[in-house]
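Sequences listed follow chains A and B, in order.
So in our numbering, spot 6 of the first sequence is number 6, and the numbers just go up one at a time.
So in our numbering, spot 139 of the second sequence is number 139, and the numbers just go up one at a time.
Note that these hints are calculated values from the structure, not bench results.
Bear in mind that the values here come from a model prediction, so they are computed numbers and not experimental data.
Where hints are given, some of them may not hold.
Label-pair distances were calculated between CB atoms; the ranges are [unchecked claim]:
| # | chain 1 | residue 1 | chain 2 | residue 2 | range |
| --- | --- | --- | --- | --- | --- |
| 1 | B | L361 | A | R10 | 51 to 59 Å |
| 2 | A | R10 | B | E307 | 21 to 29 Å |
| 3 | B | G392 | A | G124 | 50 to 58 Å |
| 4 | A | A114 | B | E307 | 35 to 43 Å |
| 5 | A | K71 | B | C256 | 53 to 61 Å |
| 6 | A | H207 | B | L316 | 54 to 62 Å |
| 7 | B | G216 | A | Q181 | 24 to 32 Å |
| 8 | B | R306 | A | S8 | 52 to 60 Å |
| 9 | B | S304 | A | A197 | 32 to 40 Å |
Just so you know, even glycine gets a beta-carbon here, dropped at the ideal spot from N, CA and C.
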Amino acid sequence: MIEAENLSKRFGAVEAVRDVSFVARDGEITGILGANGAGKSTCLRMLYGVLTPDGGQARIDGMDIGGETSKARAHLGVLPHAAGLYGNLTARENIHYFGALQGVRSERLASRTAELVRILGMEGFIERRAKGFSQGQRIKTALARALIHDPGNIVLDEPTNGLDVMAIRNLREMLLALKAQGRCVLFSSHVMQEVAALCDRVVIIGHGRVLADATVQSIRERSGAPTLEEAFLQVLGDSAGVS
Amino acid sequence: MHALFTVFGKEFLENLRDRRTLLSALLFGPLFGPLLFGLMVSRMLNQSVVESDEPLRLILSGGELAPGLTRYLESQGVKLTLENLSETEARAAVHAGRAQVVLIIPKEFAARFIAATPAPVLLVADSTDSQTRKIADRARIILGGYASSIAQLRLQARGVNPLLAVPVAVNDVDVATPTGRAVVVLGFMTYFVLFAVLMGGLYLAIDSTAGERERGSLEALLSLPVPRSSLVGGKILATCAYMCISLALSLTAFVCVFRFVPLERLGMSANLNSGTALIFFAICLPFVPLGAALMTFVASFTRSYREAQTYLTAVLLVPTLPIAFASIYSLKTRSALMFIPSLSQHLLMTSVLKDEPIAALDVWVSAAASLAAALVLMVLTARHWRRETMLG
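Bound conformation, chain A alone (with noise of 0.2 Å):
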């Protein structure tokens, strides 16, 4: 379970995020949507603890990402927006070492990568060096590099950012896996089509701020709205843009 608790964060004289509040709860799919430059990746990167709130709490399973941050962390797996991967290692080597840096020993090491590699579909290129990989075997080598640990939670900034049709499919497929394994999966888009097929609750920020947590379904509800497009519309009003 991820919770955000009254999250601020400025930069300068910009307040980025402002007093922002949710829970991603287990064995569901959060989307956080909301415009570019909204606010999204900052209020990532302050749960996953490479930002440090100027106000409020972030938790991961009830521990406090910046009190308790590595035993925090260990509950998390995290595929930032930026997904770099080592090129003159190859695709095991660099799921290999994150996994040790997670601390994970090396006998189930061999055997949580073969399961990863497995689910993902990664037959083909584990062992080739990632110089010249594909955006979607890239992604797949990033993914299986932060489920490497069998986290509990996964955080995944802007996943389908540059993959094609396919790819999107193969993550979809993923992330409804993770779930039905009674994960907590947060993922952050400003597509809407991609978080109404497949999130269970979202979260919609603008301009730093919350403006509608709920269930897809309760949305819709809400709003009246016929399609589940309108009904983002009217949330949003004309606050921020999303495609």
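Knowing the structure of chain A, use the given hints to seat chain B on it.
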């Protein structure tokens, strides 16, 4: 600690597969110095052979007017080429480089010589050309010898003791030892050794910091449950490893070069063999973590590979500064100077080369000062890595 070695292992392996790192760490860095050095010394060797072994060659014009002088020159081993040139022709020939030095005996020589008044000869040379100048100098000395022997004969013929004309006898006493003379040449060898150390870690320091940011793997790395000090420590340790390899290769290459360059023929001997190379390695070892920490520190502030490269190339020159100061003020080994990294290594290595005894305390102070500076830089680097601005 486990994380630190994991980072070390990964950085070491990754860079072992990188052509750029390998070229700079294992080829260019360590071999550039020794090769340049070998080339320079053998060039110097050729020049000194020109000076001492080769006979002096002169173009003589009007030799028939001074048969005595001509015979004297030949008896001194001067190779004479007889030509008939006017002064203007001789000037033109030397100016155009067709002739190096021309000796002209003018028509009035014989008459003046017989009258015992100063008989003129013209020595045409170009003093801006160092080669010609050396030949002219040698010719002048031989001509001077001829003049003084004639003077003595004249005095003797007049019943005067020729020694009266020699009021002062100058004796040159050169205290330069063969090893000491070599040190002038070897002075900058120590810089090449330190240069090799820094070159060895250059690309790794860039790749593990700015490179990590540029390829977008930094944020994922920073979100792991690993203390930032372990990440920085592992990266600096890997940089150190490459620097040590580069240092070892550089010293090996120097030992080889010294074996093939016959320094003794230059009247020099250098105390560099595999034993001293090991001592050099020990002296430079504390400089390795300092260089690695400095480079990683500087590179951590840069946003891209290119930017890091610009700044770190400047860092490559940092160890030259104290060494340059040392040679401008011709500093001798002093314990107070052992607190200055790079200068202390330079002075210690120079002492070893000169075969001078070095104080154990100096070695310890040099090592401690370098390691302390390294520690400070490592702490500063780790602190920078803990900042949010690290994300860029």
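Query raised in the report: Which of the stated hints cannot be reconciled with the structure, identified by number in ascending sequence?
Result: Result: hints 3, 6 and 8 break, sorted rising.
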